[in-house]
Amino acid sequence: MNWENFQFFYTDHIEVPLPPGHRFPMQKYRMLHQALVEEGVMTEAQLHPAPEAETSELLYAHKDWYVNGLINNTLPEKQFRPIGLTWSPELIRRSLAAVGGFMAVTESALKNGYSSLLAGGTHHAHADEGEGYCLFNDFACAALRLLELGKVKKILIIDLDVHQGNGNSSILGKREDVFILSLHGERNYPFRKIPSHLDVALPQGTTDEQYLKALSQALAQVSELFEFDIIFYQAGVDNLKEDSLGTFELTFEGLMKRDQMVFEFAQGKPLAMAIGGGYSKPIELSVRAHVNTFKVAKEFFSLN
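Residue numbers (the numbering used here): -17 to 286.
It should be emphasised that the hints constitute simulated quantities derived from the structure, not laboratory data.
Errors might be hidden in some of the hints.
Derived lysine-lysine pairs resembling DSSO-like cross-links, with alpha carbons at most 30 Å apart [claimed, not checked]:
# : residue 1 : residue 2
1 : Lys195    : Lys263
2 : Lys135    : Lys263
3 : Lys277    : Lys239
4 : Lys45     : Lys136
5 : Lys136    : Lys277
6 : Lys175    : Lys223
7 : Lys93     : Lys175
8 : Lys280    : Lys223
Using C-beta positions, here's what the derived DEER-type ranges look like [stated by the list, open to error]:
#  : residue 1 : residue 2 : range
9  : Gln192    : Glu59     : 18 to 26 Å
10 : Glu72     : Lys136    : 19 to 27 Å
11 : Ser284    : Lys60     : 48 to 56 Å
12 : Thr68     : Asp46     : 17 to 25 Å
13 : Asn55     : Glu158    : 35 to 43 Å
14 : Glu59     : Thr189    : 35 to 43 Å
15 : His30     : Glu59     : 30 to 38 Å
16 : His30     : Thr233    : 28 to 36 Å
17 : Glu191    : Asn55     : 43 to 51 Å
18 : Arg174    : Glu(-14)  : 43 to 51 Å
19 : Gln249    : Glu59     : 44 to 52 Å
20 : Gly250    : Asn55     : 18 to 26 Å
21 : Gly3      : Asn286    : 39 to 47 Å
Ideal Cβ placement from N, Cα and C applies to all residues, glycine included.
The whole structure should be built from the sequences, with the hints applied where relevant.
Below, the structure written as structure tokens:
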């Protein structure tokens, strides 16, 4: 494949104001965008601002009263508080761009074989509530859209964020045309986990070797259980040992081997990716890990 034909989407063109000292690393996305271009991983010609989802597109996965309440800032404070962010028009636009951007990623992946959002993976958003920095669920909206439009018949979600995607599970976990594989920390947020199709909960201090063995075994199980038309890959790097919200001891090298395993597992099927979490201190370490994922992708897809 010609790497230059792959298209990518970003949300950092929408600046979201946060209070000083807020723990959510909003600057990470702009830093990643810049690093990918400066290091020659991709060109600006391959990068596009994510389109903002229409309200109607959110209704693939969300209740209309919840969508309207978020957009119009009329949700009660106790319902908004678990999201952990401060409401602003920019936050709504950025959240709409995460959904619209990932929908664009899925279309691009179906056309070209691979695409990614330089953000996203909002897997803690439920049909009628948000939490964990997630307002709307990009994977769920995009999955249900593709299925309803008949563009695919079966979708595999590989969620390798250190936190279990409880929103993905609550919306999609009982469907037979979606299969969710999640490797995550057993004693980490969310503390009430909603079952996925295949959950692999790993202990605190999990190392590269332990993680990669568990992933290999899980992927082998998936191949026995489910045939898929497209993979949605949540490539979170919050399992890096330096991450402030993680519980694992993974290294840069371990994460790169993880990504390689996922790309190889796809076996030529379309792969739509979101970068997921990454909260290292300093945040440059998370940015480096995200850049590495795209370097692995470039090497892999340029040869296959």
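Tested hints:
For the hint pairing lysine 195 with lysine 263, the CA-to-CA distance comes to about 27 Å; that is within 30 Å, so the pair holds. Between lysine 135 and lysine 263 the CA atoms are separated by roughly 41 Å; this puts the pair beyond 30 Å, and the hint is violated. Distance hint between lysine 277 and lysine 239 is fulfilled; the C-alpha atoms sit about 12 Å from each other, no more than 30 Å. For the hint linking lysine 45 to lysine 136, the alpha-carbon distance of about 23 Å falls within 30 Å, and the restraint holds.
Between the alpha carbons of lysine 136 and lysine 277 the distance comes to roughly 28 Å, so the proposed pair stays at or under 30 Å and holds. Note on lysine 175 and lysine 223: the hinted pairing holds, with a Cα-Cα distance of about 22 Å set against a maximum of 30 Å. Distance hint between lysine 93 and lysine 175 is unfulfilled; the C-alpha atoms sit about 34 Å from each other, more than 30 Å. Distance restraint check for lysine 280 and lysine 223: the Cα-Cα separation of roughly 25 Å lies within the 30 Å cut-off, and the hinted pair is therefore satisfied.
Taken as a hint, the range 18 to 26 Å is violated for the pair glutamine 192 and glutamate 59, whose Cβ atoms sit roughly 42 Å apart. Restraint check, glutamate 72 to lysine 136: a C-beta distance of roughly 36 Å breaks the suggested window 19 to 27 Å. At about 50 Å, the beta-carbon gap between serine 284 and lysine 60 stays in the expected band of 48 to 56 Å. Threonine 68 and aspartate 46 have their C-beta atoms about 24 Å apart, which keeps the hinted 17 to 25 Å range intact.
At about 37 Å, the beta-carbon gap between asparagine 55 and glutamate 158 stays in the expected band of 35 to 43 Å. For the pair glutamate 59 and threonine 189, the supplied restraint of 35 to 43 Å holds, since their beta-carbon distance comes to about 42 Å. For the pair histidine 30 and glutamate 59, the beta carbons lie near 36 Å from each other, so the given range of 30 to 38 Å is met. Look at histidine 30 against threonine 233: about 32 Å separates their beta carbons, and that is inside 28 to 36 Å.
At about 48 Å, the beta-carbon gap between glutamate 191 and asparagine 55 stays in the expected band of 43 to 51 Å. For arginine 174 and glutamate -14, the Cβ-Cβ distance of about 45 Å falls inside the hinted range of 43 to 51 Å, so the restraint holds. One distance hint, 44 to 52 Å for the beta-carbon pair glutamine 249 and glutamate 59, holds here, with the actual separation near 48 Å. The hint said 18 to 26 Å for the Cβ distance between glycine 250 and asparagine 55, and at roughly 45 Å that hint is violated.
For the pair glycine 3 and asparagine 286, the beta carbons lie near 44 Å from each other, so the given range of 39 to 47 Å is met.
The structure shown violates the earlier hints numbered 2, 7, 9, 10, 20.
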